[in-house]
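K.L.:
Residues per chain, in single letters:
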Amino acid sequence: MHYCTQRPLVTLTKIFTLLCIFHLGASLAEEQMSGLDIMDESSRRHESQVEMESLSMTLTDRKGNATERVLRRYSRMGDAGFYKYLLVFDDPKGIKGVALLTWEKEGGDDDQWIYLPAMGNRLKRIASGGRMNYFMGTDFAFEDLVAEQHDNYSYERQPDELLEDQEVFVIDAQPSNPDLVTGYERRRLFIRKDNYILARVDFYQRRTGKLLKRLTVGKFVQIEGEQWRATEQLMDNFGKKHKTQITTLDRSFDDADVPNTVFAHRFITSKRHMR
Amino acid sequence: MGSLSELLLFATRNRILALVILLVITGILASGLPNLKIDTRLELMLDRDGPKYQLYQEVIKEFGSDNTTVFFIRDPNLFTPEKLEILQSMVDDIDALEPVEKVDSLFNLTSIRDRDGWLESKIVLDVVPFDQAEADQALADALYSPLLRGNIVGERGDVTALTVTVRPPLPSEKDLNGSTFKSFEEIIDRYSPDFEELFHTGNLRVGNDLREYLISDIVTLGPVAVIVLFLVIALLLRSPTMSLLPVFTSVLSTVWTFGFMGYIDIPVNLLTAILPVLLMVIGATEDIHLSSAFIESFDEHEVTDRNGAVEYMAHHMATAVIITTITTSIGFASNMLSNLEIIQHFATIASFGILANAVVTFLSVPPLLLHLGPSPEKQQPASDIEPRRPAFDLLQPIADFCVKYLHDTTSKHPVWVATGTLALIVASGVILLDVSVNTDPMTFFPEDSEIIEHTDTITENLSGVLNFFVTVQAHETGAFLDPENLKRLDELVRYINDGGVFDRAMAHTEHLSLVNQELNNGDPLYYRPPDTPDLVEQYLMFFQRSDIESFVNSDASTANIVVRYSIYGSEEALKEVAILEKTANEIFGPGMTVNILGKYALVNDASRQLVSNEIKAVAIIVLVIFFMMWMLYGSWRAGLVSLMPNLIPIIFTFSIMVIAGIEVNPATAMVASIVIGIAIDDTTHLLTRFNTECRKSEDMTLVIHNAVKAEAIPVIVSSLALGAGFLVLMASQFTITRDFGFLAAVAMMLALLTEFIVTPLLLRNLWAVSIWDMMSVKLPMDLLKQSPVFADMSRFQIKKLVLLSVDRSGKASEAITSERDIGEEMYVIISGRVSMRYENSDHGSEIVYRGVGDVVGEVIFIDGEMRTTTVTVEEDVHLLVLDHQLVATRLRHLPYIAAKLNQNMANSLGHGLT
Chain A
238 MHYCTQRPLV
248 TLTKIFTLLC
258 IFHLGASLAE
268 EQMSGLDIMD
278 ESSRRHESQV
288 EMESLSMTLT
298 DRKGNATERV
308 LRRYSRMGDA
318 GFYKYLLVFD
328 DPKGIKGVAL
338 LTWEKEGGDD
348 DQWIYLPAMG
358 NRLKRIASGG
368 RMNYFMGTDF
378 AFEDLVAEQH
388 DNYSYERQPD
398 ELLEDQEVFV
408 IDAQPSNPDL
418 VTGYERRRLF
428 IRKDNYILAR
438 VDFYQRRTGK
448 LLKRLTVGKF
458 VQIEGEQWRA
468 TEQLMDNFGK
478 KHKTQITTLD
488 RSFDDADVPN
498 TVFAHRFITS
508 KRHMR
Chain B
102 MGSLSELLLF
112 ATRNRILALV
122 ILLVITGILA
132 SGLPNLKIDT
142 RLELMLDRDG
152 PKYQLYQEVI
162 KEFGSDNTTV
172 FFIRDPNLFT
182 PEKLEILQSM
192 VDDIDALEPV
202 EKVDSLFNLT
212 SIRDRDGWLE
222 SKIVLDVVPF
232 DQAEADQALA
242 DALYSPLLRG
252 NIVGERGDVT
262 ALTVTVRPPL
272 PSEKDLNGST
282 FKSFEEIIDR
292 YSPDFEELFH
302 TGNLRVGNDL
312 REYLISDIVT
322 LGPVAVIVLF
332 LVIALLLRSP
342 TMSLLPVFTS
352 VLSTVWTFGF
362 MGYIDIPVNL
372 LTAILPVLLM
382 VIGATEDIHL
392 SSAFIESFDE
402 HEVTDRNGAV
412 EYMAHHMATA
422 VIITTITTSI
432 GFASNMLSNL
442 EIIQHFATIA
452 SFGILANAVV
462 TFLSVPPLLL
472 HLGPSPEKQQ
482 PASDIEPRRP
492 AFDLLQPIAD
502 FCVKYLHDTT
512 SKHPVWVATG
522 TLALIVASGV
532 ILLDVSVNTD
542 PMTFFPEDSE
552 IIEHTDTITE
562 NLSGVLNFFV
572 TVQAHETGAF
582 LDPENLKRLD
592 ELVRYINDGG
602 VFDRAMAHTE
612 HLSLVNQELN
622 NGDPLYYRPP
632 DTPDLVEQYL
642 MFFQRSDIES
652 FVNSDASTAN
662 IVVRYSIYGS
672 EEALKEVAIL
682 EKTANEIFGP
692 GMTVNILGKY
702 ALVNDASRQL
712 VSNEIKAVAI
722 IVLVIFFMMW
732 MLYGSWRAGL
742 VSLMPNLIPI
752 IFTFSIMVIA
762 GIEVNPATAM
772 VASIVIGIAI
782 DDTTHLLTRF
792 NTECRKSEDM
802 TLVIHNAVKA
812 EAIPVIVSSL
822 ALGAGFLVLM
832 ASQFTITRDF
842 GFLAAVAMML
852 ALLTEFIVTP
862 LLLRNLWAVS
872 IWDMMSVKLP
882 MDLLKQSPVF
892 ADMSRFQIKK
902 LVLLSVDRSG
912 KASEAITSER
922 DIGEEMYVII
932 SGRVSMRYEN
942 SDHGSEIVYR
952 GVGDVVGEVI
962 FIDGEMRTTT
972 VTVEEDVHLL
982 VLDHQLVATR
992 LRHLPYIAAK
1002 LNQNMANSLG
1012 HGLT
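Chains as they are written, first to last, in the working numbering: chain A, 238 to 512; chain B, 102 to 1015.
Careful, some of the hints might be misleading.
[Unchecked claim] List of simulated lysine-lysine pairs, DSS-like, C-alpha gap at most 27 Å: (1) A:LYS361 - A:LYS330; (2) A:LYS333 - B:LYS588; (3) B:LYS203 - A:LYS300; (4) A:LYS478 - B:LYS223; (5) A:LYS361 - A:LYS333; (6) A:LYS447 - B:LYS275; (7) B:LYS203 - B:LYS162.
FYI, nobody ran anything at the bench for these hints, they're computed from the structure.
Only a predicted model underlies this, so the values are computations on that prediction, with no experimental measurement involved.
Same shape as in the complex, but just chain A (with noise of 0.2 Å):
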């Protein structure tokens, strides 16, 4: 079996680069590689277990009116192998210190809190929220945050493309377990042949087979050997003509950012993730 232990919050930038903890091993030849070898490559390059980044958020409405955000996103590899993930708003004044604390689980639904500040010093459960939620009026819906088990999905290797100048394989990734809850009908994912990295995803809504919103992947950075990142996202909601632009302003790999207090309730409780 193979899945992706990543999960959304921790991994605005990461996401869609799938990243997963198995991979096969030596790379195939191109040529010969399948949807889903493909998919398991891109993984195995781009996952980090500790990673904390700043961030900018500019929601565009259908009018072109935009709201800025600014948060900070923390992420952890626990000893089990699972992640913890705390986001934190900081900008504008009146959400600042809205967090949102995620531990994921094996074998069940994530635990969550919210807190809004405004509320006292409480956090609030989240019960799990509906998959195709979309996350706090972003366009990103739940199902695209969390990790995504190969297994689910069939992925139907396509002509290669040139997008932008760049080479990149072209896979269709259609739900193929009965019982997954998505909102799409199907997902085309373009990757860079050169360095794995996922450049965009087309989502198509279920049944209707419209296309939703668009995924636009830029910036790239080279990290480290083969790992990668990018520092500019774009999701662009065709359906509700709505956009929601994610910049990346800082980023740390070091461990010593994302201690493991950071996602105690205190932490937050205490108000100590506000700066």
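Got chain A; can you put chain B on it based on the hints?
P.N.:
Okay, now just chain B, sitting in the frame of chain A:
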């Protein structure tokens, strides 16, 4: 009459050319028919130049389209996995349609709920429930949410609604609504077997059903009008051939008119759809007047064949037909000033149609009568006294009855008639104070129509289908994130929701209140907007912008309350909206601007303009007719006489409208101007006849009696035909068309009464000569100018004097006067020659001859004594009869001519004495 009658005779003298003209114009205009479109959009009933429309455009740009359709689904097993799966499939199919902007349903609306201390935020049905327990939970969640309960899902869980928003069409997509409606219908057909009840209604349905009813009206009313008109005229004139004339002219002019509409891209709408019937009934009146004159000519001894009858018809009817065409056309055109496009289009096309009908009539009726009309030769009078008009046998008793009881009797009591009329006008004025207006398209449908039934079903189970926006502009960024302003907004929303007048109000305060309640363990006491600005911003993070973009703009300076309601009728809706607006202004104070907008709100708002528009239209036609008649007859009294008998029935008609509970709507609003334009036709014909009769006798009672009697049959026939034609409109499926037909028919009947009762009273003091008579009268002017009677008079004055005087003609050897007769008249010889025989005591009889321009009997004119000469016609003469009475009455308003005449008579007598 010369030049105008030539117009009517053109086609008989140039038959081939007339036929070619008819065929060419018909060919050209008929080619426009394929371009003809039907437009039943509500936009046609909006004042698009008004400030509110501009605001409305800004509001829908900001808060989204209000072009919504509600799909209603009822099934006892609705909340079961099987039914919900089918429902989801249907929602997906609707959502897949390109013009659909969004579908609000259980499958995309968010439920926020505290569940045992855990906050659950999810779409009510993000997936189809796996089992019945999940379906029951989904129903419980939906019913728990105040945003959904009674709005999207019914209290018993057996009904739900999908609110579908369709994007506004691009300028090039005129049929977007129609094609989207068809797609909706296909979906309804596909899924109907799966649910107990499934239908949709909303803007698209209203537009479509209006369209279907409209097509049905066109298909049925036109033929019915043809049959009714044919039967009425055939019955009254007893001539099937004559009955075909109006059918022919109206059908052809309808083709011209609709082809013209195709060319200039004016669509068939609710009002233009009744044009075929209108053209039929209005055009028929001219045909009736022409046919009547044609038949009437059989009484004239000099008319011996159809050719003579057509000449007679042209001579007697050209002026009246042209004037009435102009007045009727102006009657319709006066509505062009309306702010509503639907009325502007109707006015433009109807006035074109009337002119087209006149052209068709001029080019076809005279030649058709010449070939197919009854022939005077075939009419065998029963005696010399009886007229050769058996076609009028049936009508004659009716006409006699009207003349005797309506005219002769009332004319003896002018004071009573005037007083009674005035009293009725005052009473009508009081009644008119209660007039109500209505432009609500929902009320155009019959009460038992399916669309009304469906709309009522949705209202009973969920919220009303109709909607409007209450926008509150604070003129300050972030104002509607301020808890104080949110409290005010919440107060207004609660006022609407608790008031029982409107069905449901929704604002972003409802979303905030729900989050506030659920983050406080679901305590209903917290169902209110949060108390601090930070809480407001933090709660809003639970929503996507699209969840609240209909309720608050991006910088939170303007809030928008979406109100659903189910009030039918503009008057009631406007009254309640006015109360709401007042309350909203009180809540928000002078610093904020409140506007109540929406397509239906604007349509209702436009009703306010119907009355003022109609007053403008009536004022225009009244002024135009007044000045036109003044110019034509050289007398402002002619203008008054033309208008008064036609304004009175309008006032009475509108009071009957109020009593009958009929409202002023886009159709009935035009009754006044249209009916004035039509009804004045009969007055014009009566006026023209009166002028002719004036020259036959100086006895005013006799003149009026004869004029009324002569015009009685055509006036009765045309009024009955018009009334019957308008009554055909009562077979329409639209209430507004039925109301229009009823009121127009009532107005025509009232106009018929006033024509017999009021017009003659006004004619009594009217002495006017039409400009056409002045132009066409042929006089031996050179000889007349040498006459002492006309000395120093201009040609114009001579003509006027001649036309205002009584004519008398005599055959050779006929005695004009006899010695020892008592009389006051003197005679001016216009043509011919007479002999005057004096009995002289010295020389016995003495004979003197007099010719053109000479005067006989001038002494009698001065002293009014016994005549001393016998005047005998030597050669056929045409005499002008002058007497004191004439100078005192007919020349009263022409003092210069009267003075000149008296001076000339004095000079003439003076010369005689010397």
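K.L.:
Taking each numbered hint in turn, which are not upheld by the structure, reported in ascending numerical order?
P.N.:
none
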